[in-house]
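Student: Dock chain B against the given chain A, drawing on the hints supplied.
Listed below are the residues making up each chain.
There are 2 protein chains.
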Amino acid sequence: MNARADAAAGSEAADFYNDLVKHRLIIPGGVQGAFGRGAEFEKVLEAFNALVSRISAGDGAEFCTFPPVIDRRIIERVDYMDNFPDLCGAVCSFFGNEREARALSEKIHAGEPWGGALGMTQVVLNPAACYPLYPTLTGTQAQGGRLVTMLNWVFRHEPSPQPTRMQSFRVREFVRVGNQDDVIAWRDMWLGRGVDLLRSLGLAAQPDVASDPFFGRAGKMLAGNQLEQKLKYEVLVPVNTGDKPTAVCSFNFHQQHFGSTFGILTPDGQAAYTACLGFGLERVVMALFKAHGFKTALWPDAVRQRLWP
Amino acid sequence: MNARADAAAGSEAADFYNDLVKHRLIIPGGVQGAFGRGAEFEKVLEAFNALVSRISAGDGAEFCTFPPVIDRRIIERVDYMDNFPDLCGAVCSFFGNEREARALSEKIHAGEPWGGALGMTQVVLNPAACYPLYPTLTGTQAQGGRLVTMLNWVFRHEPSPQPTRMQSFRVREFVRVGNQDDVIAWRDMWLGRGVDLLRSLGLAAQPDVASDPFFGRAGKMLAGNQLEQKLKYEVLVPVNTGDKPTAVCSFNFHQQHFGSTFGILTPDGQAAYTACLGFGLERVVMALFKAHGFKTALWPDAVRQRLWP
Numbered sequence: 001m002n003a004r005a006d007a008a009a010g011s012e013a014a015d016f017y018n019d020l021v022k023h024r025l026i027i028p029g030g031v032q033g034a035f036g037r038g039a040e041f042e043k044v045l046e047a048f049n050a051l052v053s054r055i056s057a058g059d060g061a062e063f064c065t066f067p068p069v070i071d072r073r074i075i076e077r078v079d080y081m082d083n084f085p086d087l088c089g090a091v092c093s094f095f096g097n098e099r100e101a102r103a104l105s106e107k108i109h110a111g112e113p114w115g116g117a118l119g120m121t122q123v124v125l126n127p128a129a130c131y132p133l134y135p136t137l138t139g140t141q142a143q144g145g146r147l148v149t150m151l152n153w154v155f156r157h158e159p160s161p162q163p164t165r166m167q168s169f170r171v172r173e174f175v176r177v178g179n180q181d182d183v184i185a186w187r188d189m190w191l192g193r194g195v196d197l198l199r200s201l202g203l204a205a206q207p208d209v210a211s212d213p214f215f216g217r218a219g220k221m222l223a224g225n226q227l228e229q230k231l232k233y234e235v236l237v238p239v240n241t242g243d244k245p246t247a248v249c250s251f252n253f254h255q256q257h258f259g260s261t262f263g264i265l266t267p268d269g270q271a272a273y274t275a276c277l278g279f280g281l282e283r284v285v286m287a288l289f290k291a292h293g294f295k296t297a298l299w300p301d302a303v304r305q306r307l308w309p
Numbered sequence: 310m311n312a313r314a315d316a317a318a319g320s321e322a323a324d325f326y327n328d329l330v331k332h333r334l335i336i337p338g339g340v341q342g343a344f345g346r347g348a349e350f351e352k353v354l355e356a357f358n359a360l361v362s363r364i365s366a367g368d369g370a371e372f373c374t375f376p377p378v379i380d381r382r383i384i385e386r387v388d389y390m391d392n393f394p395d396l397c398g399a400v401c402s403f404f405g406n407e408r409e410a411r412a413l414s415e416k417i418h419a420g421e422p423w424g425g426a427l428g429m430t431q432v433v434l435n436p437a438a439c440y441p442l443y444p445t446l447t448g449t450q451a452q453g454g455r456l457v458t459m460l461n462w463v464f465r466h467e468p469s470p471q472p473t474r475m476q477s478f479r480v481r482e483f484v485r486v487g488n489q490d491d492v493i494a495w496r497d498m499w500l501g502r503g504v505d506l507l508r509s510l511g512l513a514a515q516p517d518v519a520s521d522p523f524f525g526r527a528g529k530m531l532a533g534n535q536l537e538q539k540l541k542y543e544v545l546v547p548v549n550t551g552d553k554p555t556a557v558c559s560f561n562f563h564q565q566h567f568g569s570t571f572g573i574l575t576p577d578g579q580a581a582y583t584a585c586l587g588f589g590l591e592r593v594v595m596a597l598f599k600a601h602g603f604k605t606a607l608w609p610d611a612v613r614q615r616l617w618p
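Heads up: the protein sequence lines correspond to chains A and B, in order.
Going by the working numbering, the first sequence opens with residue 1, and the numbers climb by one from there.
Going by the working numbering, the second sequence opens with residue 310, and the numbers climb by one from there.
Do not take every clue at face value.
[To be verified] Okay, derived cross-link-like pairs now, DSSO-like style, lysine-lysine, Cα gap no bigger than 27 Å in a straight line:
id: 1; chain 1: B; residue 1: K352; chain 2: A; residue 2: K43
id: 2; chain 1: A; residue 1: K107; chain 2: B; residue 2: K529
id: 3; chain 1: A; residue 1: K220; chain 2: B; residue 2: K352
[To be verified] Now the in silico label distances, taken between C-beta atoms and shown as ranges:
id: 4; chain 1: B; residue 1: D490; chain 2: A; residue 2: R99; range: 41 to 51 Å
id: 5; chain 1: B; residue 1: Q579; chain 2: A; residue 2: I55; range: 52 to 62 Å
id: 6; chain 1: B; residue 1: L607; chain 2: A; residue 2: L222; range: 43 to 53 Å
id: 7; chain 1: B; residue 1: S362; chain 2: A; residue 2: R24; range: 30 to 40 Å
id: 8; chain 1: B; residue 1: P470; chain 2: A; residue 2: A110; range: 35 to 45 Å
id: 9; chain 1: B; residue 1: A419; chain 2: A; residue 2: I55; range: 39 to 49 Å
id: 10; chain 1: B; residue 1: N327; chain 2: A; residue 2: R24; range: 19 to 29 Å
id: 11; chain 1: B; residue 1: N488; chain 2: A; residue 2: E158; range: 36 to 46 Å
id: 12; chain 1: A; residue 1: G30; chain 2: B; residue 2: V330; range: 31 to 41 Å
The hints are simulated quantities; they were obtained by calculation from the structure and are not laboratory data.
The C-beta atom is built at its ideal place from N, Cα and C for all residues, glycine as well.
Chain A extracted, bound-state conformation (with noise of 0.2 Å):
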C-alpha cells in the first residue's frame, strides 16, 4: 500500500476501533493492546470456544490450560529471544530490603523510571499458546503420536492502535505429535477446516502462506526460508480494512524442533515432529462485529445459529 492508503487503512481501523467502545465490546484499559472484554465479546468469544470444540469432539483431543507466565527457561531453550527479543515479556520483581524498598518508593512518588530496582524472576509471559506444552511431553510418545488442545493467554509486546493488535490476547490451540506423514496430514485437514469454519459464520476467509516477525536483517532470511518451505500458513478475514485482511488463524510446522530440544520420541527413538495451529479468539470476534455489525441480536440467522445451537 502506499502512504495514503495506509492512512486510510489506519483511520478506518482507528474508527472499527472506537466502535467496538462505543458498543462497550471492548473497555480502553490505558494503554495499547491491553483492553478489557465486555460482555457481549466474551459470550461471542465463549461460543466460537465452543464451536471449535463441538467440530473436533471426534478428534479425541485430551485438554488442558496453561497460566499466561511460564518457566523462563524454555524461551531460552527454544531461542525466542534470539528471534524475537522486541516482543518478550520477561517479569521482573523485587528482591531487595526495607531500606531498597524505601528507595524504590520514593522514586515512584517522584515519577522517575524505576525498573533498575527490579530483578527477574523465573517466569516469562508466555508468547506462543503451545511452548508450554512441549517440556511436559519429554519422553517417548505412545504409538501414533498426540493431540493436545488448550485455551492459554499469550503476550506480544507490540503496542498499536489497530485493535486486532493486542498486546495479550487467547488462543484456543491443538497441537499434534507425532511422525512426519501423520503430522503434516494434520495439519493440511485443519487448514480446510478452519476455512471451512470461518466461511461458515459469514467471514471471508482465505488460507495463505506466512512467516513470523524474526527480529532484524537475519530475520530477514529466517522470514525467507520460512516462506520458501512452506513451514507457516495463515488463514486471513477482513478485519480492520478491506485492504489488508488480518490473520486469524495460523499454522505452523516445526519439523523437529522441540521434538529434539525437548526429548519427545516416537517410538522408534526419533525425534517427534510437532504442528499446531492457533486461532486467535479475539481476532475472531472483532471479525464477526466487523462483518455482521455491533448488536448480535441483529446477526444473521445461519450465524447465529451456528455460534448458539
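Tutor: Below, chain B without anything else, positioned relative to chain A:
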C-alpha cells in the same frame, strides 16, 4: 504451629500436590506456582464459576474481563509498590538494536543473567482482580452506584511448593461502588452468601477477619490497622491440611481509597466507597478435590447436582 507441625503440614501439602499431578488435575510447569490445569480441573472450575453466576444472577452485575497485564500507572497510583513490592510482576522487554540483540543472545546461550538487557514496558501483571476496573469508572456514578463482575488472571510473585499458593491464578470478582452504607450492606450480604455457597458444596467454610501481606516492618502496622478496622474478611476452607485452612474467598472494603484516587464520584460529588470480593477459583477447585476425592464421578450426588444441574 510448632516446627514439627509445620513440617508435617508441609509434607501433607506436598502429598496433595503429588496427588493432583498423579490424577492429571495439574501439570507441573517447571517453576513453582505456574503449573498447567488438566481437563477435569477446568471442568470443575467452569462449573463453580457458572454456579456463582447463577446464584448472583438477580443482582444485575455487569460482566467484563481484563487481560493478565494492565497499565503500569495503575499500580503506581494505588501505591502497590509501597505495600507489596516483593509480589509485583513488572513486564520488561528488549528495546535495543541488532548489535545489542546479538550480545543478549550470547548471554543467554552462555547461561548468564540477561535481565540487564531489558527495559520496563508500560504494562505490569495484574496483582488484584479489581484494579483494572477503577480507572474505567472515573466520573460521576449513577444513583444507586454500580456493580461489576469479572473473571481475571492475577499474578503474585510468591513461588511456593504449596499447590494453593500460585504465582498465577484466576479470580471471579465482584466490585460494588456506591455510598458507604450500600457498599457495606452488600459486602455483608455476600459474606453470608459466600459461606453458604461453599458449605452447600460440602466444604467446611468459616469466615474470619484477615489482613494483607504488607511488606516490611511498616507493613505490620498496616496489617494491624486493617484487622482492627475489619477492612478485610476471608472465607477459609481446609485444603492443604486440616490445621491451617486456606482462604478461598476474600472481601476487601477500600473505604474511599479508589474513589478518591481515580475520581469515582457519587451523585452528590463525594468520592465513592468501594468494596470487592473474589473467589480464588483454583483454590475452590482444589478444596473440592480435597474434600470429595480426585474423581468427580465419585463425588456426592448433592455436590454434583449443584455444580452440574
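Student: Confirm or reject each hint.
Tutor: Now for the hints, and whether the structure bears them out:
1. K352(B) - K43(A): Holds, because 18 Å separates the two Cα atoms, which is no more than 27 Å.
2. K107(A) - K529(B): holds, 23 Å
3. K220(A) - K352(B): violated, 43 Å
4. D490(B) - R99(A): 41 to 51 Å: Between D490(B) and R99(A), where Cβ atoms are some 43 Å apart, the hint holds.
5. Q579(B) - I55(A): 52 to 62 Å: holds, 53 Å
6. L607(B) - L222(A): 43 to 53 Å: holds, 52 Å
7. S362(B) - R24(A): 30 to 40 Å: violated, 19 Å
8. P470(B) - A110(A): 35 to 45 Å: holds, 39 Å
9. A419(B) - I55(A): 39 to 49 Å: holds, 47 Å
10. N327(B) - R24(A): 19 to 29 Å: Given about 45 Å between the Cβ atoms, the range is violated.
11. N488(B) - E158(A): 36 to 46 Å: holds, 42 Å
12. G30(A) - V330(B): 31 to 41 Å: Given range 31 to 41 Å: holds, Cβ gap about 39 Å.
Violated hints, in rising order: 3, 7 and 10; the structure is consistent with all others.
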